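Per full-length UniProt numbering, the very first residue in the sequence shown carries number 1; after that it's consecutive.
Read the hints as simulated data drawn from the structure, not as lab findings.
No experiment lies behind these values; they were computed from the predicted model shown.
Among the hints, a few may not be true.
With a Cα cut of at most 30 angstroms, we get these calculated DSBU-like pairs of lysine-lysine [claimed, not checked]:
1. K675 with K378
2. K238 with K220
3. K595 with K165
4. K188 with K204
5. K213 with K451
6. K70 with K101
Cβ-Cβ distance ranges computed for the label pairs, FRET-style [stated by the list, open to error]:
7. D231 with P620: 21 to 31 angstroms
8. G622 with K221: 35 to 45 angstroms
9. K238 with S382: 32 to 42 angstroms
10. D525 with D106: 31 to 41 angstroms
11. D148 with Q121: 31 to 41 angstroms
12. P620 with N591: 10 to 20 angstroms
13. G589 with E569: 13 to 23 angstroms
Where is the CB? At the ideal position from N, CA and C, for every residue including glycine.
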Amino acid sequence: MGCTNLSKTLVIVESPAKAKSIGKYLGRNYTVKASMGHLRDLPKSQFGVDVESNFSPKYIAIRGKGEIIKELRAAVKKADRILLASDPDREGEAIAWHLSKLLDIDENSNCRIEFNEITKQAIQQAVKHPRPIDIDRVNAQQARRILDRLVGYNLSPLLWRKVKKGLSAGRVQSVAVRLIVDREEEIKAFIPEEYWSLTAKFSKTAKSTFEAKLYKYQNKKITIPNQEAMDKILADLKGVSYVVASVTRKEKLRNPAPPFTTSSLQQEASRKLNFTARKTMAVAQQLYEGLELGKEGPVGLVTYIRTDSTRVSETAVEEAKKFILERFGPAYVPKESRQTVAKGKVQDAHEAIRPTSVERDPETIKEFLTNDQYKLYKLIWSRFLASQMAAAVMDTTSMDIEGGDYLFRATGSIVKFPGFMQVYIEENDDGTKEEEKLLPELAQGDKVEAKSLTPKQHFTQPPPRYTDATLVKVLEEKGIGRPSTYAPIVETIQKRGYVVRENKQFYPTELGIIVVDLLKNYFPDIINIEFTAEMEEKLDQIAEGDQDWVNVLKDFYGPFQQTLATAEEKIGKVQVADEVTDEICEQCGKNMVIKMGRFGKFLACPGFPDCRNTKPLLEPTGVACPRCEGELVLRRSKKGRKFYGCSRYPECDFVTWDVPTNEKCPHCGDLMVEKSSRGKEKILQCVNENCPSNAGVKETKAGQKTKQTTSNK
Numbered sequence: 001m002g003c004t005n006l007s008k009t010l011v012i013v014e015s016p017a018k019a020k021s022i023g024k025y026l027g028r029n030y031t032v033k034a035s036m037g038h039l040r041d042l043p044k045s046q047f048g049v050d051v052e053s054n055f056s057p058k059y060i061a062i063r064g065k066g067e068i069i070k071e072l073r074a075a076v077k078k079a080d081r082i083l084l085a086s087d088p089d090r091e092g093e094a095i096a097w098h099l100s101k102l103l104d105i106d107e108n109s110n111c112r113i114e115f116n117e118i119t120k121q122a123i124q125q126a127v128k129h130p131r132p133i134d135i136d137r138v139n140a141q142q143a144r145r146i147l148d149r150l151v152g153y154n155l156s157p158l159l160w161r162k163v164k165k166g167l168s169a170g171r172v173q174s175v176a177v178r179l180i181v182d183r184e185e186e187i188k189a190f191i192p193e194e195y196w197s198l199t200a201k202f203s204k205t206a207k208s209t210f211e212a213k214l215y216k217y218q219n220k221k222i223t224i225p226n227q228e229a230m231d232k233i234l235a236d237l238k239g240v241s242y243v244v245a246s247v248t249r250k251e252k253l254r255n256p257a258p259p260f261t262t263s264s265l266q267q268e269a270s271r272k273l274n275f276t277a278r279k280t281m282a283v284a285q286q287l288y289e290g291l292e293l294g295k296e297g298p299v300g301l302v303t304y305i306r307t308d309s310t311r312v313s314e315t316a317v318e319e320a321k322k323f324i325l326e327r328f329g330p331a332y333v334p335k336e337s338r339q340t341v342a343k344g345k346v347q348d349a350h351e352a353i354r355p356t357s358v359e360r361d362p363e364t365i366k367e368f369l370t371n372d373q374y375k376l377y378k379l380i381w382s383r384f385l386a387s388q389m390a391a392a393v394m395d396t397t398s399m400d401i402e403g404g405d406y407l408f409r410a411t412g413s414i415v416k417f418p419g420f421m422q423v424y425i426e427e428n429d430d431g432t433k434e435e436e437k438l439l440p441e442l443a444q445g446d447k448v449e450a451k452s453l454t455p456k457q458h459f460t461q462p463p464p465r466y467t468d469a470t471l472v473k474v475l476e477e478k479g480i481g482r483p484s485t486y487a488p489i490v491e492t493i494q495k496r497g498y499v500v501r502e503n504k505q506f507y508p509t510e511l512g513i514i515v516v517d518l519l520k521n522y523f524p525d526i527i528n529i530e531f532t533a534e535m536e537e538k539l540d541q542i543a544e545g546d547q548d549w550v551n552v553l554k555d556f557y558g559p560f561q562q563t564l565a566t567a568e569e570k571i572g573k574v575q576v577a578d579e580v581t582d583e584i585c586e587q588c589g590k591n592m593v594i595k596m597g598r599f600g601k602f603l604a605c606p607g608f609p610d611c612r613n614t615k616p617l618l619e620p621t622g623v624a625c626p627r628c629e630g631e632l633v634l635r636r637s638k639k640g641r642k643f644y645g646c647s648r649y650p651e652c653d654f655v656t657w658d659v660p661t662n663e664k665c666p667h668c669g670d671l672m673v674e675k676s677s678r679g680k681e682k683i684l685q686c687v688n689e690n691c692p693s694n695a696g697v698k699e700t701k702a703g704q705k706t707k708q709t710t711s712n713k
């Protein structure tokens, strides 16, 4: 059926929320229906790809979607024109193509519309400019789907036979697991090296104290390897006088971060909001598809959320400029409009993620949003607004203090003009922000007194384990996956039991390590980071019409088949031995074993499936319960979060979220626990809320005490 321009138009989108938002902007002659995502896919129960016939896929209607297909076919018969309005990316293009096949729509007719935001202007413009389905983008998505099927449905059975039944291996996910396994190996192989630092506290007057670090010896940068070297330095500095050797003052401009891409949104939401990649994308999708804003009705609050571009439309830039001028004044408007270019290879198919209207201040719509929706919208709104504001002006000072052959350096900076920092400051990967530090007014030749010299021993640290933010960052940097795939990658490798997340960090499981080692030995291309990145580039080239999708699959599958046959012959049975414990199963009498689940370790009976008994694994802490004679043990909540409770539960119900210590409170003798916050050192705090040491508990804006983290009924 063609898409001729007559009176009755049917618009098909993916979700009911999107249908409701779009329907608001279209007239009575438009009907908007939702397909509820994909309606056709490769079958789950069979391979579904005819390799001999140019990798021809066998698509079937997804189970449970029959009624939706029936409803859409009935709606098509009543319409004079069909517009397919699935998301503006490759997967959305593929959904539109599948709909055209199911509903007998000519893919070459002007039946496809796309828009970057759900606003009146964008929807009405899209309806006026329909186009044919872009078959190159469809083929790129088909190639990705078939590639993943070729790998998954050939490798997974091999893993079942050689390692453990139920395992699966994904083309991109396996590389993500490798990154985590490789990082764990780096950490285990890391040998700490000792080094020392020396901090001096100087003053000219009682009110002008400041700190400086030892920087040079005889005009060469100094390293202090051990205590012996430190003792010599301290001996050299005895009795020396100190003088200001130089003072350098500079004015520096600090520019704002660009508006969000999918990757940077996931990273910053992890750092600032403690959102997982999956949660970030789920909430962002709600903001994009539209939410009810009282009398205003359903409104799409942000632009399309799967993008690698930092580009912003001129309309949005002008709207932001006007808003900044009215709210903050002319000093906060940059002299030239800001347009940042994303680094590396980007598709640049869509704008950056931004609010559909900067006039929609987060505070004015807060009552209509859930807490998570408000937090993420505020993050997106603030980041975009800041990206269009004037640079911050920093006054920086560097001061060198000379004492004999030694040179100490102090640095400080203060904000002279906040600029964009009035609205938003990007956080570092460790969750910290730059702190202001003001140095006293001193001039070259001024004499200062050393009030103290504080030596400190340090050890070099291994590379940190990946978090949601840093894993997404490295996937993007190495070209693994694309904006729409980051969240599914992170979610899938946890579901398969190859990695676990503890304290926001990813640890490989024993199973993950075994599978990665096996793939490294027998399928080096599949687990190779560069090879996977090259395959992503080829998929991009298919979407651009520069590569034939069948040839790309042929080039991959020939060598892969040979490798698969060799691996089948050479790999013996791999044993993944369970750790046996002294805990006896009360149902069958066997010694229970430690298993790894989605939320970490647990106890299970080895007699499965005859005996299905499982128990939580209670890890002792060596700390006595403060309420009874029991011991505090590590437990996990239903959502996998760690907490500490008494081993004699339910007789004793003491629990705390914080790590218990063997330290006793000097004020009341109760248990001390470790409290920590992002970017700050851990501190000890008494669990007794009535203890005098807790008199200064932080207060919230409402003036109420923060929620206690312990229960001592």
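Taking the hints in turn, this is what the structure says about them:
The hinted pair formed by K675 and K378 meets the criterion: a straight-line CA distance of about 28 angstroms does not exceed 30 angstroms. With a C-alpha separation of about 21 angstroms, the suggested pair K238 and K220 falls inside the 30 angstroms cut-off, and the hint holds. For the hint linking K595 to K165, the alpha-carbon distance of about 15 angstroms falls within 30 angstroms, and the restraint holds. Distance restraint check for K188 and K204: the Cα-Cα separation of roughly 48 angstroms exceeds the 30 angstroms cut-off, and the hinted pair is therefore not satisfied.
For the proposed pair K213 and K451, the alpha carbon gap of about 14 angstroms is at most 30 angstroms, so the pair holds. A C-alpha spacing of about 14 angstroms is found between K70 and K101, which places the hinted pair at or below 30 angstroms, so the restraint holds. Remark: the range hint 21 to 31 angstroms for D231 to P620 is contradicted by a beta-carbon distance near 41 angstroms. Distance hint for G622 and K221: a CB-CB separation of about 44 angstroms, consistent with the stated range 35 to 45 angstroms.
Look at K238 against S382: about 52 angstroms separates their beta carbons, and that is not inside 32 to 42 angstroms. Taken as a hint, the range 31 to 41 angstroms holds for the pair D525 and D106, whose Cβ atoms sit roughly 40 angstroms apart. In this structure the hint that D148 and Q121 lie 31 to 41 angstroms apart at CB holds, the actual value being about 38 angstroms. Look at P620 against N591: about 18 angstroms separates their beta carbons, and that is inside 10 to 20 angstroms.
Look at G589 against E569: about 41 angstroms separates their beta carbons, and that is not inside 13 to 23 angstroms.
Violation of the numbered hints given earlier is confined to hints 4, 7, 9, 13; the remaining hints are satisfied by the structure.
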